[in-house]
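Student: As a plain string of letters, each chain reads:
2 protein chains.
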Amino acid sequence: MALKVHGTVGSPATFRALAALHEKDLDFEFIPVNLSAKEHKSPQFLAHKNPFGQVPVFEHGDLKLFESRAITKYVAEAFADKGTSLIHKDPKKSAIQTVWTEVEAQKFDPTVAKLGWEIVLKPKFGMTTDEAVVAEFEKKLEPLLDVYEKRLTESKYLGGDSFTLADLHHLPTLQGIMGTKVKSQFDARPHVSAWASDILSRPAWVKVASMLTK
Amino acid sequence: MALKVHGTVGSPATFRALAALHEKDLDFEFIPVNLSAKEHKSPQFLAHKNPFGQVPVFEHGDLKLFESRAITKYVAEAFADKGTSLIHKDPKKSAIQTVWTEVEAQKFDPTVAKLGWEIVLKPKFGMTTDEAVVAEFEKKLEPLLDVYEKRLTESKYLGGDSFTLADLHHLPTLQGIMGTKVKSQFDARPHVSAWASDILSRPAWVKVASMLTK
Chain A
1 MALKVHGTVG SPATFRALAA LHEKDLDFEF IPVNLSAKEH KSPQFLAHKN
51 PFGQVPVFEH GDLKLFESRA ITKYVAEAFA DKGTSLIHKD PKKSAIQTVW
101 TEVEAQKFDP TVAKLGWEIV LKPKFGMTTD EAVVAEFEKK LEPLLDVYEK
151 RLTESKYLGG DSFTLADLHH LPTLQGIMGT KVKSQFDARP HVSAWASDIL
201 SRPAWVKVAS MLTK
Chain B
1 MALKVHGTVG SPATFRALAA LHEKDLDFEF IPVNLSAKEH KSPQFLAHKN
51 PFGQVPVFEH GDLKLFESRA ITKYVAEAFA DKGTSLIHKD PKKSAIQTVW
101 TEVEAQKFDP TVAKLGWEIV LKPKFGMTTD EAVVAEFEKK LEPLLDVYEK
151 RLTESKYLGG DSFTLADLHH LPTLQGIMGT KVKSQFDARP HVSAWASDIL
201 SRPAWVKVAS MLTK
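Protein chains in written order, with UniProt numbering: chain A, 1 to 214; chain B, 1 to 214.
Okay, chain A solo, but in the shape it has when bound:
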């Protein structure tokens, strides 16, 4: 059954889904969705792809999924024997991995995506960066990265000793923020810095990130 991803180059959520598919060495069709033309808000897209009008949307035969972290989880489980194993099978290891997957979704993403919006995206759209918001979220990031530093002293990856979805989910926002002054917060913490370099240089992610320069 053919796999399809409807998404947009540069969309962090799209890139999250693509990273999982490449880690799994899967062939799939990428169908670009033109956000500028509001294709994702068309009645067709809302009715048949994602009622929230967002990318990515993933199709596997008649199964249609949205929400990038739901897509990666399905891909990791449905194609467990292909490519990189992105999940732990042992229930306790799996539970720890889920804890750190939640930390990404509940803590890292809201903080780093906000910084990315202010520092990277607003200037791109001709809007003015709100320095007070940047300062507020830079301050929030410090204790968060302190916890990451401690965690990465105990295990090589967030979810345990091997690379899993708990790490992979960070990639799109991490990539964006490492091109800004906020990188210094990562550099200041040796384990966080090594972890970031490690996961950003994975071939599957390099393949995804290279779509930006094509």
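It should be emphasised that the hints constitute simulated quantities derived from the structure, not laboratory data.
Take these hints with a grain of salt, some might be off.
Note that identical chains are pooled: a pair holds if it fits in a single copy or bridges any two copies.
Claimed, not checked - 27 Å max Cα-Cα, derived DSSO-like pairs, lysine-lysine:
1) Lys64 with Lys4
2) Lys41 with Lys140
3) Lys139 with Lys114
4) Lys92 with Lys139
5) Lys181 with Lys122
6) Lys181 with Lys92
7) Lys140 with Lys114
8) Lys122 with Lys156
9) Lys124 with Lys64
For this one, chain A is given, so just place chain B on it according to the hints.
Tutor: Structure of chain B alone, referenced to chain A:
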């Protein structure tokens, strides 16, 4: 092996974890954490319970978990044969359930928790409700509940034909908001309204919610 929950009565995240444990008919020890006394920020708690200094924390023998949605997932999987089945075993049904679990975490919770903070909690703490924020988030909730209404026309529960974690995760924020004027948005949508009444009246949830009046 004994199960323990370190948590606080009234904390939405604690209540989310407790709801799962009661649905599973599990015996566990509830260890109150006094947030006013900042017990959750003590060096002991940070080092041995949750490095982020939050409740709940769940223990199953030597396994220690934080993040409420990671706890419910572990409980649902590790005790699959006890009480209510909170997850689908079929991979495609499970994937759809995960989509709606993500919708709760990424869309419902940030909107409804914000409204609850402004309307319920701020007055309780002697702070002033920001009506502009209330209006902004009430407006965000409308299209979200429209999608819920459509979804609940297709299946009785968000994650499929049976009650799962995709529904359960909504309970703490849903309970809080139904005592406010925002309830009218739920009442205006027949399927959403029926779903909310249904899940809020589940015996396991009633047991959790009754802790507030003890």
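Student: Tell me, in ascending order, the numbers of any earlier hints that this structure violates.
Tutor: The structure conflicts with hints 4, 6, 8 and 9, although it agrees with all the remaining ones.
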